[in-house]
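Here are the chains, one letter per residue:
There are 2 protein chains.
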Amino acid sequence: MKENVSKHKTAGVVETQYYTFAYPPDGLELESGARLGPVTLAYETYGTLNENRSNAILALHALSGDAHAAGFHEGEKEPGWWDNMIGPGKAFDTDKYFIICSNVLGGCKGSTGPSSVNPETGRPYGLDFPIITIKDMVNAQHNLIDHLGVNRLLSVTGGSMGGMQALQWVVSYPERVRSVIPIATTANHSPQQIAFNEVGRQAIMADPNWNDGNYYGRELPAKGLGVARMVGHITYMSDVSMNDKFGRRFRSNAKPFKFSPEFEVEGYLQYRGDNFIKRFDPNSYLYITKAIDYFDLANGKGMHELLKGIMSRFLIIAFKSDWLYPAYQSQEIARACKLAGVEAIYCELNSAYGHDAFLVEVEEQSRLIKHFLRSVTRGLNQA
Amino acid sequence: MKENVSKHKTAGVVETQYYTFAYPPDGLELESGARLGPVTLAYETYGTLNENRSNAILALHALSGDAHAAGFHEGEKEPGWWDNMIGPGKAFDTDKYFIICSNVLGGCKGSTGPSSVNPETGRPYGLDFPIITIKDMVNAQHNLIDHLGVNRLLSVTGGSMGGMQALQWVVSYPERVRSVIPIATTANHSPQQIAFNEVGRQAIMADPNWNDGNYYGRELPAKGLGVARMVGHITYMSDVSMNDKFGRRFRSNAKPFKFSPEFEVEGYLQYRGDNFIKRFDPNSYLYITKAIDYFDLANGKGMHELLKGIMSRFLIIAFKSDWLYPAYQSQEIARACKLAGVEAIYCELNSAYGHDAFLVEVEEQSRLIKHFLRSVTRGLNQA
Chain D
2 MKENVSKHKT AGVVETQYYT FAYPPDGLEL ESGARLGPVT LAYETYGTLN
52 ENRSNAILAL HALSGDAHAA GFHEGEKEPG WWDNMIGPGK AFDTDKYFII
102 CSNVLGGCKG STGPSSVNPE TGRPYGLDFP IITIKDMVNA QHNLIDHLGV
152 NRLLSVTGGS MGGMQALQWV VSYPERVRSV IPIATTANHS PQQIAFNEVG
202 RQAIMADPNW NDGNYYGREL PAKGLGVARM VGHITYMSDV SMNDKFGRRF
252 RSNAKPFKFS PEFEVEGYLQ YRGDNFIKRF DPNSYLYITK AIDYFDLANG
302 KGMHELLKGI MSRFLIIAFK SDWLYPAYQS QEIARACKLA GVEAIYCELN
352 SAYGHDAFLV EVEEQSRLIK HFLRSVTRGL NQA
Chain L
2 MKENVSKHKT AGVVETQYYT FAYPPDGLEL ESGARLGPVT LAYETYGTLN
52 ENRSNAILAL HALSGDAHAA GFHEGEKEPG WWDNMIGPGK AFDTDKYFII
102 CSNVLGGCKG STGPSSVNPE TGRPYGLDFP IITIKDMVNA QHNLIDHLGV
152 NRLLSVTGGS MGGMQALQWV VSYPERVRSV IPIATTANHS PQQIAFNEVG
202 RQAIMADPNW NDGNYYGREL PAKGLGVARM VGHITYMSDV SMNDKFGRRF
252 RSNAKPFKFS PEFEVEGYLQ YRGDNFIKRF DPNSYLYITK AIDYFDLANG
302 KGMHELLKGI MSRFLIIAFK SDWLYPAYQS QEIARACKLA GVEAIYCELN
352 SAYGHDAFLV EVEEQSRLIK HFLRSVTRGL NQA
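Protein sequence lines, in the order shown, are assigned to chains D and L. 2 is the number of the first residue of the first sequence in my numbering; add one for each residue after it. 2 is the number of the first residue of the second sequence in my numbering; add one for each residue after it.
Hints listed in this document are in silico derivations from the structure and should not be mistaken for laboratory results. Any given hint could be a false lead.
All copies of an identical chain are treated as equivalent in the list; a pair is satisfied when it fits inside any one copy or across any two copies.
Claimed, not checked - List of simulated lysine-lysine pairs, DSBU-like, C-alpha gap at most 35 Å:
1. Lys279 - Lys136
2. Lys259 - Lys302
3. Lys371 - Lys302
4. Lys302 - Lys97
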């Protein structure tokens, strides 16, 4: 990580790094039994690993996120997706902690996914890419954490799908995780949540350009992905935040065509939908949403049984207006922690931003997280 | 309406009827200023108009509904869409009342819509069909009510878009409406509601078979309409009712293909989506959802100002788990009635069925509606 004086309140100018492992013939064993290799994970780090290697925090991203969580890429004007939370003096304080953010397995931002070249064919995997799960993403990250020389993470955190990975980390590798901060997430996807993802997948697969996943180097299923993204965006906002942002206002430059976007909210969604193809691979959208839908931390059994004996501490954050990952799902995690005798704090914040709140409700989240991390660090120093 | 002894607890065997009016050159003047003609409305009636012509109730349907609200069509096994509410002894008691249900202008179930033949070209209108509004639908119905010899309706009712029409009736023709029963509806579409409709429209228009609306006699944009329908179905159910109905259960006959529907909820949505093309015209979906989105009863002004002086009585029904048309929107109508000095009863029912509740919560709705209609009839007899 390079320093940049003009951006001194951020993590500065950063570069995405890559770690490749699990070379064939062994590869990475997936939950499905399939073996995938080699596997590359794109990742970034912010701050400095201390001598004891005890200040590392793993931050995990949501569906469309990437490894670029904070700071700026050389020549770019937009910082990483969680820059308001990761940086000097911020919630995840880069003056104190060494923060790692890894792009997920199955993604399209430098990690191995369906758009990667299949070494067996020399062409992109497409649908030959194996089905992956949240557990597979976490197992891949486990290799990265080993590679970075971190034995025990001070914390694992993330919102939405990032929170699922955080929960899976503490269950798969409890001895490697001192604390976990799952935000706006769930221990399993409800049928309504599955249904919204399925609409997105069907929209992509309905696009003839999708062509059973074989579209690399051809025309892309941009319209299908656009519709999927539009559905997503609706679920990320709240009724109130949409009212505040758009109301029933018309666009000033609405085209005369009957079914062109006229309302501001239509223009916003169409813009977001149209542009998504520039930064996201439709097949990754299929694979990652499927991994999310499969996610069931306790696999139908009692979550508190699963959590018994876990020494990691939990800070669970939910948002009142988040109707995609409603607070009751976070409450279920908190209840299971209590039943299992696991130390857990549950905080329900009064944001109006819906699911997006984990990306924008900086102040209250930061206060909670700073205090929690101090307390976990203190416990560490006393131990 | 014919009698049928084996179906004596229903409105019996019924036939859809058609009324054509507004012949060119005049036609029906639309809110946009365009003129449309001739206009046909498909409708059905149940029960008998009394001598005073004072027992007529107009029941209006939602987005995908039709004129067939009750009883059975000859040879069919499924009754009309509100058969549990319209029939002998039911909420809208055909032993007492004369119930009229009209398919909306812009629809595809016998009323003039984009799939109708444009008399100027001899081919289906397609996108040459003019933009229509809820007010236009009501104005067309006004012609039908005149035709049926009903001067003053005992009540106008409907759920969802049917409720919007009911509200527009009382505002456009207050002297023609003794009472109004808007159910699970709103006085204007919120940006979130517009957004869900826009996703459906974009899904249809993204389908290359849509072909700018020129698909009649060719391959239909079935996939696009299917995705639109899937989104709709999610919004019609509640988180709780989806959990009750599907949970996270897998389908027993899930195909081995990676992205085929595996969860029961996926199979249900795909089935509903795939089959929608058999009974609904994609262009009608565009026009009707647009009419819904444009709907703004008070047009941004104070609703209570608009309602002042109206003598019609209101029974407003909302459902706690309806997140598509949340109860607060019905409360706003009730508040405006109170401010305007209009007699209004507001009832919020404790159903778990989400927006679908207006179609399935028979018992409590029936009790409320029967009592209300008796009271309106009593007021009529005393006057």
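Against the structure, the hints:
1. Lys279 - Lys136: Classified as within; 28 Å inside a copy, 41 Å across copies.
2. Lys259 - Lys302: between (52 Å within a copy, 25 Å between copies)
3. Lys371 - Lys302: The answer is within: 33 Å in one copy meets 35 Å, while 47 Å across copies does not.
4. Lys302 - Lys97: neither (38 Å within a copy, 54 Å between copies)
Violated hint for the displayed structure: number 4, the only one.
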